[in-house]
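Engineer: Okay, here's what each chain looks like letter by letter:
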Amino acid sequence: MQKNKVTCILCPRGCTIEKKAQGDTFEFTGFGCKRGMKWAKEEFTNPKRILTTTVHVKNGEIDFVPVRTNIPIPKEKIFEAISILKGIEVLAPVEIGSVIVKNILDTGADVVATRRVGKKDSSDD
Amino acid sequence: MEKYKVVVIGGGPAGLAAALESFKSLDDKKVLIIERDKFLGGILNQCIHPGFGLHYFKEELTGPEYAHRFIEQVIESQIEYLTETHVIDITPEKEIVAVNKKGLKRIKTDAIVFAMGCRERTRGAIMTPGTRPAGIFTAGQAQRFINIEGYRIGKKAVIVGSGDIGLIMARRLTLEGIEVKAVVEIMPYSTGLRRNIVQCLDDFGIPLLLSHKVVKIHGKYRVEGVTIAKVDSQLQEIPSTERFIECDTVLFSVGLIPENELSKKAGVVLDSKTGGPVVDNTFSTSQKGIFACGNVLHVHDLVDNVTKEAQTAGRYAAIYSQYSELFENNIHINIVAKEGIRYVVPQKLNKNFVQPFVLRFRVDNFYKDAVVTISNAGKILIEIKKSILTPGEMEGIEISQKILSQLEFSNDIVVSLQNI
Ligand SMILES: Cc1cc2nc3c(=O)[nH]c(=O)nc-3n(C[C@H](O)[C@H](O)[C@H](O)COP(=O)(O)OP(=O)(O)OC[C@H]3O[C@@H](n4cnc5c(N)ncnc54)[C@H](O)[C@@H]3O)c2cc1C
Ligand code: SF4
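Chains as they are written, first to last, in UniProt numbering: chain A, 1 to 125; chain B, 1 to 420.
Bear in mind the hints are in silico, worked out from the structure with no lab data behind them.
A virtual CB, placed ideally from N, CA and C, is assigned to each residue, including glycine.
Where hints are given, some of them may not hold.
To be verified - Below, in silico cross-link-like pairs of lysine to aspartate or glutamate (DMTMM-like), each with a Cα-Cα straight-line distance of 25 Å or less:
| # | chain 1 | residue 1 | chain 2 | residue 2 |
| --- | --- | --- | --- | --- |
| 1 | A | Lys119 | A | Glu80 |
| 2 | B | Lys30 | B | Asp232 |
| 3 | A | Lys41 | B | Asp203 |
| 4 | B | Lys102 | B | Glu80 |
| 5 | A | Lys75 | B | Glu59 |
| 6 | A | Lys77 | B | Glu60 |
| 7 | A | Lys75 | B | Glu80 |
| 8 | B | Lys156 | A | Glu76 |
What the hints assert, rightly or not - Some chain A residues flagged as far from chain B (calculated, every beta-carbon gap over 12 Å):
| # | residue |
| --- | --- |
| 9 | Lys3 |
| 10 | Asp24 |
| 11 | Thr29 |
| 12 | Met37 |
| 13 | Lys38 |
| 14 | Thr45 |
| 15 | Asn59 |
| 16 | Glu61 |
| 17 | Asp63 |
| 18 | Leu85 |
| 19 | Pro93 |
| 20 | Gly97 |
| 21 | Val101 |
| 22 | Ala113 |
| 23 | Thr114 |
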């Protein structure tokens, strides 16, 4: 079913944006700003999301590093991307922003670390 | 004994921002942050999802990224901090007692900023009947287990409570391959942000059961399921609407309580509505020289607001360390929440600092088309129309110099809400 109502997620206002057929074109209503309208148009045709999860770290002060895609990726690729990231292990130290997977699933998005993970301190155990 | 101008307790976003601001305002730079966890950053370290910083940085960051920006500044400024150090007491002479691996530590300071954050309400707090098997977590606990420790906490889950933390965990569990059977919410509305309902539930087809509650938890060793039922407008269970849902994991996300054990010990007066200290517009508590900000003061939904509030608290804590006489206790007018307003923060205005500030408040119910007014001595100073107000969203009103100049100081400032 084609959706004709979406809730904008770009800012906490959460405007409900509606799509109505106007002859051959569409009219959009309900948006609080232009950025939201542009987003809604894409949400109707090709919904995208930022993916965040964690990846294994070897020899780090913590065992998992949080990661994200640097740009949103198509919604239907989320689970496939997750399963790729599950199989990955990186070696500490990891810098914030360092690329973990380049161009994941040809989406043009890089998966980057969102936290610095130092090497395990041998006095920790 | 080591001596500081300002000591900040808690190294989350509130503590980091307060410390940075105190540091900037002081000449001798004697500022210390004390954090009980291994890392600075507070709860943000486990909030790996995006949604932070839109107001403050005008870009969308994850929790650890948001925290990193402040941690970096703290390190660059060479502000002193202690991690894995737990503050256990504060004496009337403002001596801080803390413990860490090395033992007991006593620290003397002129001013203290409380930034201890909050803790989660548990199953016990909402008195959910049933057995006590393994598989029951608070949502934040589960978040830490999954995002930091990397545990797999179950296979099929039910989440109780539809605030932002519950919603975010519904998505997180789904991505981890755990089937979320339902999010159960006792109120007729979710207190979570709409974008979280869209991105965390709708995206994955997870049902949100409004006006429902868990009436029983089943299972001997491990959770085997829950019984849920519909509730009426009085939140009472409607007979014969019970339904069993099979699951091995139950997450409770049923509210947060400011972490005020230390505040109580220090004799700080608390507000029964917020659960945090009563403060004035300098974020000074009833105990001279003790300031409070962030979730220890009242529970915030946006970290951006925490940062701004903490900066103000940090600045005034630094001022206190130099001019304590400006913070006496008998120099206030009250700011009072009336009809429709559950609470306001700050609850007082310090007559020595009649400077612009943001008045934050929450409403007590769901309102459509209402007017919030701020009045003083029977005169309306501000009137703000709002198309929607919900208890879940914290509101803020700028109190400008112009408004302050019209105040009559012998009268309360009254915040109230009227329907139109
Ligand atoms: C699951 C979840 C999701 C969230 N999602 C968002 C979101 O999408 N966007 C957004 O803007 N905000 C979000 N928030 C809210 C935001 O993260 C909080 O408002 C903010 O982190 C509060 O900061 P704080 O510094 O007051 O508390 P905290 O981050 O909790 O920091 C308090 C610190 O004090 C330390 N401490 C406590 N007691 C002591 C003691 N006695 N001695 C030493 N140290 C002590 C604790 O260890 C902790 O590190 C979310 C919160 C949660 C829990
Ligand atoms: S349309 Fe604009 S104002 Fe409305 S939610 Fe989206 S970004 Fe926010």
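Engineer: Any of the earlier hints contradicted here, and which numbers?
Structural biologist: 1, 2, 7, 9, 16, 17, 18, 20, 22, 23
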